[in-house]
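Trainee: Spelled out, the chains give:
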Amino acid sequence: MRMTVAAILVSSARAFVLPSRLTSSRGASRSLSAQLSPRLNGLDKPTVWHEFSPLANEYNAVNLGQGFPDWDPPSFVIDAMVNSVTPSMNRHANQYARSYAHMPLAQVLAQDYEKRWNIPIDPATQIATAVGCTNALYCALQGLLSPGDEVLLLEPAFDIYYAQVRMAGGTPIHVPLRPNPSGGATANQVFTLDLYELEAAITPKTKILLLNTPHNPTGKMFTRAELEDIASVAQRHSQLLVISDEVYEHIVFDPENVPHVSMASIPGMFDRTLTLSSSGKTFSCTGWKVGWAVGPPNLVKAVTAVQQWVNFSAPTPNQDAIAQALVQAREPYNGFDSYYAWLADDYKRKRSLLADALTDAGMVPVLPPGGFFIMADTSNIDFPLSDEVTEAMPATPMPRDWAMSRWLTKEVGVTAIPPSAFYSPDALHLAKNLLRFAFCKGDDTILEAHRRLQKYFKK
Amino acid sequence: MKVALSAFLLLVTNDGAAAFVPTIPTPSTVRHGTRRFTQNEPVDGIASSVGEATQRLGPMSGPTVWTEFSRIAQEHNVANLGQGFPDWLPPQFAVDSLVEAALDSQQSPHQYTRTAGHPNLVNQLAKRYSTHLKRDIDPMTEVSVTVGASQALYLSLQTLIQPGDEVILFEPFFDLYVNQVKLAGGTPVYIPLTFVPYESGDDIVSGGDWVLDPLVLKKAVTSRTKAIILNSPHNPTGKIFTRSEMESIAEALDLAGPDAVVLSDEVYKYIVHAPPMNEDGRKGESSLCPGHIHFASLPGMWDRTITISSAGKTFSATGWQVGWCIGPKRLIAPIHRLLPYIQFCASTLVQEALARALPRADEPYEGYASYYEYLKGKYTRKRDLLGKALKAAGFAIPDYNRTPGGGFFIFARIGKEIQECIPADRLNAPNPAAPGGIARQDWALCQWMAEEKGVLCIPASPFFSQERAIEGASDEFVRIAFCKQDDTIESAALALFDVTGETSANGESSSVLVDDKVDVR
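Chains as they are written, first to last, in this note's numbering: chain A, 28 to 486; chain B, 15 to 535.
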């Protein structure tokens with residue numbers, strides 16, 4: 028995969044467009060790219076989603092790419108929404124919410140986090156709600172970063188992080204979770220963080236370490252020991268804050284041995300950690316967009332100070348419904364101790380179904396302890412290379428995993444996401460033998476994928 | 015710099031993965047000034063929580079008129095005519111639309127939708143705006159759905175404004191605009207609307223018109239002017255910009271150059287309770303929205319305008335937060351690009367609910383030809399209820415038989431008698447939330463009325479630039495909402511009447527007030 032310097036410069040030319048005030052004059056229009064704010068630079072490329080969703084549709088593939096469920100939220104959650112807007116229920120949830128957070132939701136969240144971390148949480152100053160976790164992160168980065176600040180991203184990282192850091196004027200610095208194929212069978216064994224590499228990446232400009240646990244796309248869950256190690260690194264650099272994206276926190280398969288641990292609960296870290304989460308993955312309602320940030324007042328304030336002027340508040344009926352749902356979720360559900368226990372069990376079953384399917388295809392699934400994605404090792408799979416070129420692909424020629432994803436969609440009828448979409452340009456090679464499959468799908472869907480994989484690979 | 019060097023080496027020597035020099039988008043105009051720490055001081059050496067955005071907001075990240083008066087409303091028993099949202103429910107058909115959408119397991123609008131806007135909704139919006147603007151609007155490229163009109167404005171500014179660009183605002187203005195302009199790194203340029211009283215004279219405090227002087231506007235245009243924010247019907251004055259004023263704005267836009275854009279905030283357009291009287295004033299109205307001229311429908315202005323509106327005010331559902339931008343592809347496409355990174359998509363469920371509610375709103379409702387007619391009738395009646403009370407209490411208000419008006423605020427002028435009643439120790443008292451840190455006449459009156467008279471109104475000064483507020487431009491005005499139940503307006507009427515200590519329904523309080531009045535003198 029040789030590249031000339033020229034090719035590199037051409038492919039990254041878009042990212043170098045600077046505002047050309049020198050060429051603007053009354054009566055002469057600046058070019059579109061110069062006219063638009065530089066915060067859009069590099070964001071004109073279509074994303075991996077823009078490529079693979081239509082492709083899956085076109086080939087009628089079983090779409091195990093998209094990270095959202097294909098079933099409805101549980102009925103108690105829908106009922107809560109109906110309650111929120113029904114006049115006779117008097118929930119007063121149709122007008123602007125309190126900008127920081129709708130108080131009924133803030134109160135329930137404060138209770139939940141207090142119980143979990145054994146730290147007092149004031150709902151009025153330590154909870155901020157936003158339009159989903161993505162929005163909470165957007166506001167947090169806008170509120171905390173100044174141009175030139177560096178943000179450590181552990182890659183592979185959810186593709187939106189990179190863009191949001193840049194939009195806030197920050198510089199993303201990538202530290203890899205290096206896949207160690209002989210490390211074992213689980214995501215925690217295979218994807219490890221080298222603490223020396225982490226610390227070496229810290230400079231006086233490093234402002235934020237962005238953590239994601241359970242991790243998308245690997246499903247890795249940072250253990251207490253790992254978090255303590257990261258914490259000691261953080262504490263050696265007083266300007267460093269941690270933002271922890273924990274949206275998959277309730278989809279955990281072995282809570283006794285591999286529980287979900289928040290960085291905020293590690294000694295010494297509460298005051299420098301902003302914890303983010305949302306309702307979408309937990310309640311299978313990704314279209315409701317209720318996210319939140321919890322932490323010390325000064326960090327929560329960074330979110331609200333920005334949000335106040337971006338959209339003022341998150342939709343009230345949605346916040347109000349989730350406030351009710353969070354209370355209900357604590358109760359026994361479908362024979363389990365709580366809705367959360369039922370949810371994790373349901374996903375665990377689906378994890379098995381998918382892992383079987385991948386194994387039968389000759390792939391090696393790297394079993395995740397949490398979340399609803401499996402990274403599969405595809406080293407054993409042969410497929411014909413093509414010289415296709417697409418707008419969204421991250422490098423030329425097309426990386427192996429990207430090409431394989433396209434081939435798998437067209438020839439086998441199953442769509443997965445190429446993890447190179449989640450890696451920085453220097454590290455794309457780390458993704459070449461991996462594919463990300465989602466199991467937030469109906470059993471039938473997963474079984475159909477199994478059938479198709481079997482049909483093709485076991486010929 | 016360490017990272018850049020290693021990246022450069024990668025570029026030259028690597029023969030494997032694609033190398034790429036990280037870009038640091040820092041045009042020279044981005045400020046790297048000294049940090050100002052407000053209430054976000056670092057705790058024991060822990061990192062500062064003040065970033066660029068919060069620095070740009072400056073004092074706006076501290077207490078504001080909204081936080082102050084919300085607090086007062088919570089601490090006192092008041093008839094609250096401050097908040098700009100209704101205290102009644104959305105119409106039943108809107109609630110039904112949301113419930114039906116939530117229960118629809120076929121369509122199941124519970125997962126992520128198209129980032130640029132849910133197809134059912136953008137199709138509806140494109141259809142309506144095709145009628146409003148008399149052109150074919152493409153739902154996929156010329157419409158964008160956002161979390162309320164506030165976010166539509168935010169995104170428009172984020173795509174258009176580079177640090178140093180100027181944005182023209184007509185003063186008074188909704189204070190959100192200033193902070194959004196600042197967040198985008200832009201410089202607000204204030205063009206005062208001129209208050210032209212119906213009558214003048216030393217002792218006369220009368221209502222009047224707020225008028226745009228086209229010369230003042232044109233003089234303010236520079237080579238840095240990138241946007242003009244138009245808000246009609248106008249918050250806080252209720253003004254309806256005339257066609258001729260809009261034409262001046264179009265001319266100013268031409269002066270500013272081909273890249274300048276008008277952001278037209280039209281959230282109150284279905285509440286035009288006093289439409290322009292004459293034919294000329296009504297030229298160019300939309301048949302679906304009588305009394306309102308869409309700026310984008312002016313000749314040549316479609317390509318230069320982002321039209322912004324929302325469902326909240328129209329459907330008395332401000333908490334649903336569904337807003338939108340309509341405009342040419344060249345202006346909307348950048349907003350589409352940003353949306354995935356701001357929140358990925360707006361709530362699918364409320365978008366679907368609105369898509370179902372919109373066609374129902376055109377049907378006969380409560381004896382009116384449509385819900386929109388009903389809404390206008392309702393607000394007209396409440397406007398008159400409040401207006402009468404304000405006049406009786408000694409405020410001067412617009413004469414809606416001669417001055418067109420829309421929205422649900424009355425921008426009332428403080429009469430002489432009321433001015434004289436404000437306790438001396440409140441006038442010009444220090445107050446960190448007030449512009450310039452001082453509670454001038456308008457603020458002092460509102461705070462006094464809220465804390466001691468049982469009625470809450472909003473002072474005019476937060477809607478003016480600080481410079482003009484401290485000059486006294488806002489001293490005589492208060493903003494009073496009538497998007498309230500009749501009971502609330504009536505309680506407010508009694509309390510307002512009480513302000514000057516005139517006879518009241520309650521004999522006891524009347525005598526107490528007489529004593530107060532004596533003390534004040």
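Quick caveat, the hints were computed from the structure, so don't treat them as lab data.
By construction, the Cβ of each residue, glycine as well, lies at the ideal position given by its N, Cα and C atoms.
Mixed in with the good hints there might be a few duds.
Sample of chain A residues at the chain B side, in silico, Cβ under 7 Å [stated by the list, open to error]:
1) Gly170
2) Val333
3) Phe339
4) Asn345
Computed from the model, here is a short list of chain B residues facing chain A with C-beta under 8 Å [to be verified]:
5) Gln121
6) Pro123
7) Thr332
Trainee: Starting from the hint list further up, note which numbers the structure goes against and sort them upward.
Mentor: When the structure is compared with the hints, only number 5 turns out to be violated.
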